[in-house]
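Peer 1: Read off the chains here:
Number of protein chains: 4
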Amino acid sequence: MTDQKIAADVISAENEKRAAALKSDYAALGEKLARGNIDIEAVTAKVAEFFVAVPSWGVGTGGTRFARFPGLGEPRHIFDKLEDCSVINELTRATPTVSLHIPWDKTDPKELKAKGEQLGLGFDAMNSNTFSDTPDQARSYKYGSLSHVDAATRAQAIEHNIECIEIGNAIGSKALTVWLGDGSNFPGQSNFTRQFERYLASMADIYKALPDDWRLFSEHKMYEPAFYSTVVQDWGTNFLIAQTLGPKAFCLVDLGHHAPNTNIEMIVARLIQFGKLGGFHFNDSKYGDDDLDAGSVEPYRLFLVFNELVDAEHRGVKGFHPAHMIDQSHNVTDPIESLISSANEIRRAYAQALLVDRVELEGYQNGNDALMASETLKRAYRTDVEAILAEARRRAGGAIDPVATYRASGYRAKVAAERPAVKGGSGGIV
Amino acid sequence: MTDQKIAADVISAENEKRAAALKSDYAALGEKLARGNIDIEAVTAKVAEFFVAVPSWGVGTGGTRFARFPGLGEPRHIFDKLEDCSVINELTRATPTVSLHIPWDKTDPKELKAKGEQLGLGFDAMNSNTFSDTPDQARSYKYGSLSHVDAATRAQAIEHNIECIEIGNAIGSKALTVWLGDGSNFPGQSNFTRQFERYLASMADIYKALPDDWRLFSEHKMYEPAFYSTVVQDWGTNFLIAQTLGPKAFCLVDLGHHAPNTNIEMIVARLIQFGKLGGFHFNDSKYGDDDLDAGSVEPYRLFLVFNELVDAEHRGVKGFHPAHMIDQSHNVTDPIESLISSANEIRRAYAQALLVDRVELEGYQNGNDALMASETLKRAYRTDVEAILAEARRRAGGAIDPVATYRASGYRAKVAAERPAVKGGSGGIV
Amino acid sequence: MTDQKIAADVISAENEKRAAALKSDYAALGEKLARGNIDIEAVTAKVAEFFVAVPSWGVGTGGTRFARFPGLGEPRHIFDKLEDCSVINELTRATPTVSLHIPWDKTDPKELKAKGEQLGLGFDAMNSNTFSDTPDQARSYKYGSLSHVDAATRAQAIEHNIECIEIGNAIGSKALTVWLGDGSNFPGQSNFTRQFERYLASMADIYKALPDDWRLFSEHKMYEPAFYSTVVQDWGTNFLIAQTLGPKAFCLVDLGHHAPNTNIEMIVARLIQFGKLGGFHFNDSKYGDDDLDAGSVEPYRLFLVFNELVDAEHRGVKGFHPAHMIDQSHNVTDPIESLISSANEIRRAYAQALLVDRVELEGYQNGNDALMASETLKRAYRTDVEAILAEARRRAGGAIDPVATYRASGYRAKVAAERPAVKGGSGGIV
Amino acid sequence: MTDQKIAADVISAENEKRAAALKSDYAALGEKLARGNIDIEAVTAKVAEFFVAVPSWGVGTGGTRFARFPGLGEPRHIFDKLEDCSVINELTRATPTVSLHIPWDKTDPKELKAKGEQLGLGFDAMNSNTFSDTPDQARSYKYGSLSHVDAATRAQAIEHNIECIEIGNAIGSKALTVWLGDGSNFPGQSNFTRQFERYLASMADIYKALPDDWRLFSEHKMYEPAFYSTVVQDWGTNFLIAQTLGPKAFCLVDLGHHAPNTNIEMIVARLIQFGKLGGFHFNDSKYGDDDLDAGSVEPYRLFLVFNELVDAEHRGVKGFHPAHMIDQSHNVTDPIESLISSANEIRRAYAQALLVDRVELEGYQNGNDALMASETLKRAYRTDVEAILAEARRRAGGAIDPVATYRASGYRAKVAAERPAVKGGSGGIV
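If you read the sequences in order, they're chains A, B, C and D. Residues in the first sequence are numbered consecutively from 1, following the UniProt record's numbering. Residues in the second sequence are numbered consecutively from 1, following the UniProt record's numbering. Residues in the third sequence are numbered consecutively from 1, following the UniProt record's numbering. Residues in the fourth sequence are numbered consecutively from 1, following the UniProt record's numbering.
Simulated from the structure, these hints should not be mistaken for lab results. As the structure is a prediction and not an experimental result, all values here were calculated from the model. Take the hints with a grain of salt, since some may be wrong.
Which copy is meant is left open, so a pair is good if it fits within one copy or across any two.
[Said to hold, decoys possible] With a straight-line cut-off of 27 angstroms between C-alpha atoms, the simulated BS3-like cross-links for lysine-lysine are:
hint : residue 1 : residue 2
1    : 17        : 113
2    : 142       : 414
3    : 115       : 142
4    : 110       : 142
5    : 32        : 423
6    : 115       : 414
7    : 113       : 23
8    : 208       : 113
9    : 106       : 423
10   : 106       : 208
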């Protein structure tokens, strides 16, 4: 019996208000889908089984190098964070796991596990940190970590990643995500080849420490914090890493980490085809690694990514089981609300992709009927699947309108009273 | 008699080592230029009179939202910063003014002025800050400052800018630069039109407080810290601001604030043509507002910007006197070295642009001889003008090789001993 | 009584098949909208009055610089093109006007007018061509047209534009669109300022020839066919043109003509605010001026543009009446189908934007509730308005499913039999 | 004894005028380099042995999809093209080979070989064409070639590539370059995975036909002519191709085929490290595949690419011998002049890269001295090596100033008299 942070009667009272409208919308949609030979119940069932992990760092207010403006009731530590994460899951029933970030979430693994069990939460991929220095760290990552020219600094970074595996192992995680800021700010600062050789050697050491049933995710990113070159700059390099390391190594795709105009869904298809898609860091972006809420700026792109995932399922790709995680920075919203909304948007894209008539689509593709192929995707995409999402939540004990229910619950005010206010301030530049 | 932070004998000893080589290079270059009917002495004289302001915030180590890795001897306050700025000017003789940032540099203006005089430094444009909150600020800028929906927040931001003018007025500055982070992270968050109306009204209030001999610089930037829209997002909006406000209002161009692939030199030309080029924040970038050292990544672009400036001088454009300022973030170098190097690069681009044969160029342009027009620019650009730059420095009392001389001086070690070490840490996201 | 290219009984037979489903969907949507206090009939009425012009060049298969692959039944001349355009309008009832391109569509204006009347088509903005040479042209545009260094070449280009006005005047058009390829391929090739001065002087001459009730649209584009600089490179320059020329001059926005990542909807807002939005060339793009079908790649962007247009209507902006035109290149589809589909997508975005609760939105904006402001837009956007679009078509005599009806009509086979087959080869848009 | 298209006495007369200045500049540069322990003669020797192939299509005036504006004396066929190529080599002594494009250059291989020998020209990589249809082609490439859904179309494209190998084999070529336009214009048009599987199978068939001493180059490109997706969209996919095919398969890097902001030199380094760098298509670009003259827009980027090549030589990378080819579109210049200039710029970047003190650089890299590492590259880059380039040309029988000498020779006027004038019109690269 889990400890609910949002009282069940709040949820049911809010659901009560919306039950009739949902019933009507769900029926109308069911009828419409039936005309296209789609069983709405089958879709709702699949949606109900689709989950995405929330990042522990996502429940705190994010910031930029210029400033951070905290909100009320900022979580003080991993236990506060887990409670916030629990709220998201209680309302959406879509986020039963949390992805931790070490060292920020470092604490006694037994306590972590107990707290998770108490809240009904499990633990997804572990995240290490070698992009910033911690107070008592022997060697600085100013000039790199796993690819640093200095062997002792590399050893320290390797050691830290192995520690993340150990913590994760103790709490039931099955994957390690390695993202690092290593790169250069000036042409000539680093020898690209030597730097990558060092990176690969360090990763090989981490790989050796990986339990048999774990996966190692490397994450590519075009730039930032390094502004001339980045060691793992794109999926090409990321693929080389996963291939060099071995069968437990996979590529993680963060939707905001690519060059302008990049066709991300195609990268997803390539990684699936060559057996190296590890999973996702979902978010949205317009310019760079903006870490905006999933689906808030380019929702069709998110759908097209899910179109590839459902296509892979449809084709029965062997060993296909990508990890789904959110990675966002909530600078101007209540982070809990943004994560609720984002989990819904991700499920929305999945539901829409499930509606694609893949037999029809293949026919249009084979007939070079580009217009109808496009229309086949768009017809699925423009279906308003909110009733399916809401019904899936409702049936699982969640909220028909999770943001409204969250607001009605008074949770934020409650934690604001318990947790001390935090002052904002300027970021890294001054 | 100014207080020298780098002993004159250090400079002369270092110059001594390089005097013969410089003499030889300068003579060879002079002979070569003479063949093209260019008098090297005239170029050297113009270069010696070209100055660029350094930003007070530039002498501290910069960072990103992920981390900041301080160096040794970080300046503790504006007086330390002014001493560091003084070092740059003593060695380059190219940076006799400093641009302040309020509130960080806020102190008794009389002391500021006295310190400046002691070090032989003047004060360039003032910079306000409404992109982050200061500890005791009544209202937060989380949702905007000069364009905030709340009138009292706008009033606070206006008041702060007027205070910047007052401080500047007391220390001899003649311009205010307004850059703000206002924008939005979600489609729909702000009404673009209402937001810009509020911005313009706030700026009009600031403009009214401007002394007659001052200029008001507004600065455009495509994105960051706002990631869906930014109020002053490009030069088009910036031009509308300057035109709406009046004759003392001008546009500031930061080289790193544009969309990918933008032809910045053309924007510079347009602003000159329509009388609204206020000046520059020099830096270099590859991806976004990377704030890299000027000329370190795309030196030809910097040259092409200066080509427009020298062309405007050549055409005798009325009222043309843009402000030159550096705005960079030095994350992996000694900031003093980066600023020395950047000041040199900026002068280098200017010197190269002075070598363009503008009569010949105009002939090729009028004859549609694209190849020779291009070659005319490139011939000037590929001239190694280091001897001119070095000779201009030497004659003004600076160093032939300012970075080497700085290293030889032991300045960094000295201030590292005086100023307490600063711990690094993570940026805004965690 | 117009001459129908698609027999009315084909339309009614096809509509018959889909009538019941439409009725059901329309009723369900009506009920759902009513819950949000929206009267579906009011929306359908507004949609039925929304029109977009098709470009005469759009009904021929387009190409790239690498190749063009014609389809069957390519139109041979403007009269064939008008018949094809008529098909689009008969099925969609959304495209009652055609935008001509001179010299390709040049013929006796009386015949043009008569043909238009016969088909029930009117004429939208005229388009001139100075980006390519015509066989018997005295002077080449290789090095520019309206901004050419040679006065006689400029005069020829001015004359051509005036001729376009005269033809347009004779057939009932009320606007001239000027897009030209002038620019440069090498730094130094052109003096930006001199070139723009010449452009402005040429445009002033054209402006003088404009009838009082006409509008002059200038169109900006970042690059292509010029690859280093373009005279009218962005909306900033475009605004300066419209402002310099006078009250009949306006800016045209082609959605594919911007730098990567540009926030186009914000440019639309700025042009509305400063009274210079002339209208649109609708299309979609992922990389550059891809001229893809409207709404096929980034449908939410199209919605956000319409959100600004409906917002301007809502605010009662004085003199607001932008021209709506499609400008696409149909390289792999039947151009008639692509234009049918695109007209629908444009109406779809309009319909969705009409559903935005603007009072609620303003409340969220004023309350800095970014999440709910975003959700307000997205709720409108994700409404499946296809039933509204179909019903508006049906009521006006068009097809419930216009592409299927077009295919059922056999029109393409008919014209393929009448019009000789065309061989493919290297590119060109005409 | 080859047939010279530019009379030797024209070259010597022109060289005579510039001999004294060159001697002086060469001596001054030699002295300066000697101070840094660099022997100018060693550099000049290496430069003299560096060659780059010119593309047969490059000597005709290029165009865009909007227009093509031919010049005087356009080559009518491959024999005219070879004569023009010969002029470039006679003056630069840097371009002894030509890269052919089939079907445009298809003719009796014996005649090709004889003409090459007569002119002193050899043949570099062969280029196939499956991006456009030829008049009597059985099946169209409108919807793809090597990745087409139709097996017979794929077979036709494979056959064409094999024919290119056969022609190449007969004339002494040792490589086939495969670039194709296959992709899609709409989401959904193609199944990414199926399409790539078909592509790989087709390439495997071509690979089988490759002689043992040949190399197969696949070329990636982000977009154009396909505007939603491209089969070989980036180096990641390109690497997978080369790896899948086998040891004779390599990746070709065209400098203009990447996403905005991409760090191309890093891609070059990765391909070298993993043994798959086949070579280059040199050109420059600002926006997309602009095909501008090498080094005309971002010369420092070209230098950074060569910095990687020289670094690989320096490190003694096994099997490292990339092919150097130019691929440009000369729209506004005399193509011969652009190719002369581009060959020089490419040699310039090579010469500058040779000047990098790699021992010093490695020291700075290992010491994390980013500023001095950058300065080490820039010091080499800003060296004006024109005297080295000119001296290398002069010694080999070429021109000190090849463009001026070309103009003095009257070659263009001569061929303009022999070859009929061509009318301009809409675009195409050939």
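Peer 1: Give the relationship of residue 115 and residue 414 under a CA distance limit of 27 angstroms: within one copy only, between copies only, both, or neither.
Peer 2: This pair counts as within: shortest intra-copy Cα distance 20 angstroms, inter-copy 51 angstroms.
Peer 1: Within a copy, between copies, both or neither: which one fits residue 106 and residue 423 at a CA-CA cutoff of 27 angstroms?
Peer 2: both (24 angstroms within a copy, 21 angstroms between copies)
Peer 1: Checking an output row: residue 115 and residue 142, CA cutoff 27 angstroms. Within, between, both or neither?
Peer 2: For residue 115 and residue 142, neither the intra-copy (35 angstroms) nor the inter-copy (33 angstroms) Cα distance is at most 27 angstroms.
Peer 1: Classify it for me, residue 17 with residue 113: is the Cα-Cα distance of at most 27 angstroms met within a copy, between copies, both or neither?
Peer 2: neither (36 angstroms within a copy, 60 angstroms between copies)
Peer 1: 27 angstroms Cα cut-off: does residue 32 pair with residue 423 within a copy, between copies, both or neither?
Peer 2: Answer is neither; intra-copy 52 angstroms and inter-copy 45 angstroms both fail.
Peer 1: Since the copies are identical, ignore which copy is meant and state whether residue 106 and residue 208 lie within 27 angstroms (CA to CA) inside a copy, between copies, both or neither.
Peer 2: within (22 angstroms within a copy, 54 angstroms between copies)
Peer 1: Pop the pair residue 142 and residue 414 into one bin, within, between, both or neither, using alpha-carbon distances up to 27 angstroms.
Peer 2: Close across copies (22 angstroms), not inside one copy (40 angstroms); limit 27 angstroms.
Peer 1: Cα distance capped at 27 angstroms. Does residue 208 pair with residue 113 within a copy, between copies, both, or neither?
Peer 2: Within one copy only: 25 angstroms inside, 57 angstroms across.
Peer 1: Between copies, within a copy, both or neither: which fits residue 113 and residue 23 at Cα up to 27 angstroms?
Peer 2: neither (39 angstroms within a copy, 55 angstroms between copies)
Peer 1: State whether the alpha carbon distance between residue 110 and residue 142 is at most 27 angstroms within one copy, between copies, both, or neither.
Peer 2: neither (33 angstroms within a copy, 38 angstroms between copies)
Violated hints for the displayed structure, listed by number in ascending order: 1, 3, 4, 5, 7.
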